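Given the sequences, and given the hints that come with them, work out the whole structure.
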Amino acid sequence: MRKKIVAGNWKMNLNKEQSLQLVNDISAGLGNIDENTRVIVSPPFINIPYVVDAEKRNTKVEVAAQNMHFKESGAYTGEVSADMLLSAGIDTVILGHSERREYFNEDANLLTQKVEQALEHKMDVIFCFGEKLEDRQADNHFNVVEYQLKDALFHLKESDWQRIVLAYEPVWAIGTGETASADQAQEMHAFIRNLITDQYDEDVAEEVSILYGGSVKPANAQEIFSKPDVDGGLIGGASLKSQDFLAIINAI
3 MRKKIVAGNW
13 KMNLNKEQSL
23 QLVNDISAGL
33 GNIDENTRVI
43 VSPPFINIPY
53 VVDAEKRNTK
63 VEVAAQNMHF
73 KESGAYTGEV
83 SADMLLSAGI
93 DTVILGHSER
103 REYFNEDANL
113 LTQKVEQALE
123 HKMDVIFCFG
133 EKLEDRQADN
143 HFNVVEYQLK
153 DALFHLKESD
163 WQRIVLAYEP
173 VWAIGTGETA
183 SADQAQEMHA
193 FIRNLITDQY
203 DEDVAEEVSI
213 LYGGSVKPAN
223 AQEIFSKPDV
233 DGGLIGGASL
243 KSQDFLAIIN
253 AI
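Under our numbering, the first residue of the sequence shown is numbered 3, with each subsequent residue one higher.
FYI, nobody ran anything at the bench for these hints, they're computed from the structure.
These numbers were taken from a predicted model, which means no experiment stands behind them.
Be aware that one or more of the hints could be misleading.
Only pairs whose alpha carbons sit at most 27 angstroms apart, straight line, appear in this in silico DSSO-like list of lysine-lysine [claimed, not checked]:
| # | residue 1 | residue 2 |
| --- | --- | --- |
| 1 | K219 | K6 |
| 2 | K58 | K124 |
| 3 | K219 | K13 |
| 4 | K152 | K73 |
Cβ-Cβ distance ranges computed for the label pairs, FRET-style [stated by the list, open to error]:
| # | residue 1 | residue 2 | range |
| --- | --- | --- | --- |
| 5 | N111 | E225 | 34 to 40 angstroms |
| 6 | N34 | S161 | 27 to 33 angstroms |
| 7 | E225 | K5 | 16 to 22 angstroms |
| 8 | L135 | D55 | 36 to 42 angstroms |
| 9 | A77 | G33 | 46 to 52 angstroms |
| 10 | K124 | A221 | 36 to 42 angstroms |
| 11 | N252 | Q164 | 23 to 29 angstroms |
| 12 | D203 | G91 | 32 to 38 angstroms |
| 13 | A90 | L135 | 33 to 39 angstroms |
Built from N, CA and C at the ideal position, the CB exists for glycine as well.
Following this line, the structure appears as structure tokens:
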């Protein structure tokens, strides 16, 4: 049975004290979590050690990194390697987020190398992808998503998919207040699962968790999560408020 996942991407927000307050508030507010559910928070690199230390006292919340370099080590000023993340207690990394693609020009070739590096180190990958507004308006959104998945992931072995979590994020619905309807999310998630079935088989496709990432809030989380192919959410702004994030977790 595939996992239900609610992951909070804190992006470039919160200092040390704020990060500790937020993760402590989330931990304190969590009730009993089903063993099939994962709750993940992803602080900025500089705050990872503090949040990891805080969560050693509460194993119900996992900590992930927001990004990672594709090389083992070297002269890459300002970058962070897989081995560095592992040594800090991190074994999950978000890759391919729309902001990394847009502002840092990360393309399929680069992301393929990052995914391979993460898998070589036995890390879980939350792989993000999704169309822009112009793609949706041109009715090209399915083609864009298919390209993003095939170019970066469809060379992987079946066994690699045990460490892959997909996060569909329609770019037009990130930080805009706009949200794909629950039916639109389900339509795309079903399309994605069918792509994986065609490339591999139904068993692989049915085990892959596919998250929705696009302005999920307490008010719409339950409707979105109720769809059969939506296995949770990658949450941005709402993950910075403990009560909102807890309400979204409770909706899963």
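Status of each hint after checking the structure:
Taken as a hint, the K219 and K6 pair is honoured in the structure, with Cα atoms around 17 angstroms apart against an allowance of 27 angstroms. This hinted pair checks out: K58 and K124 have alpha carbons roughly 21 angstroms apart, not beyond 27 angstroms. The suggested pairing of K219 with K13 holds, with an alpha-carbon distance near 17 angstroms, which does not exceed 27 angstroms. Restraint check: the Cα-Cα separation between K152 and K73 comes to about 22 angstroms, which is no more than 27 angstroms; the hinted pair holds.
Between N111 and E225, the C-beta spacing of about 37 angstroms keeps the proposed range 34 to 40 angstroms intact. Separation of N34 from S161 is about 32 angstroms and conforms to the stated range, judged on CB atoms against 27 to 33 angstroms. The hint said 16 to 22 angstroms for the Cβ distance between E225 and K5, and at roughly 20 angstroms that hint holds. A hinted range of 36 to 42 angstroms for the beta carbons of L135 and D55 is consistent with their spacing of about 41 angstroms.
The beta-carbon spacing between A77 and G33, approximately 48 angstroms, falls within the hinted interval of 46 to 52 angstroms. Checked against the hint of 36 to 42 angstroms, the C-beta distance between K124 and A221 comes to roughly 38 angstroms, which is consistent with it. For N252 paired with Q164, a C-beta distance near 28 angstroms keeps the hint of 23 to 29 angstroms intact. For D203 paired with G91, a C-beta distance near 34 angstroms keeps the hint of 32 to 38 angstroms intact.
Under the hint 33 to 39 angstroms, the C-beta atoms of A90 and L135, about 37 angstroms apart, fit the expected range.
Checked against the numbered hints above, the structure violates none of them.
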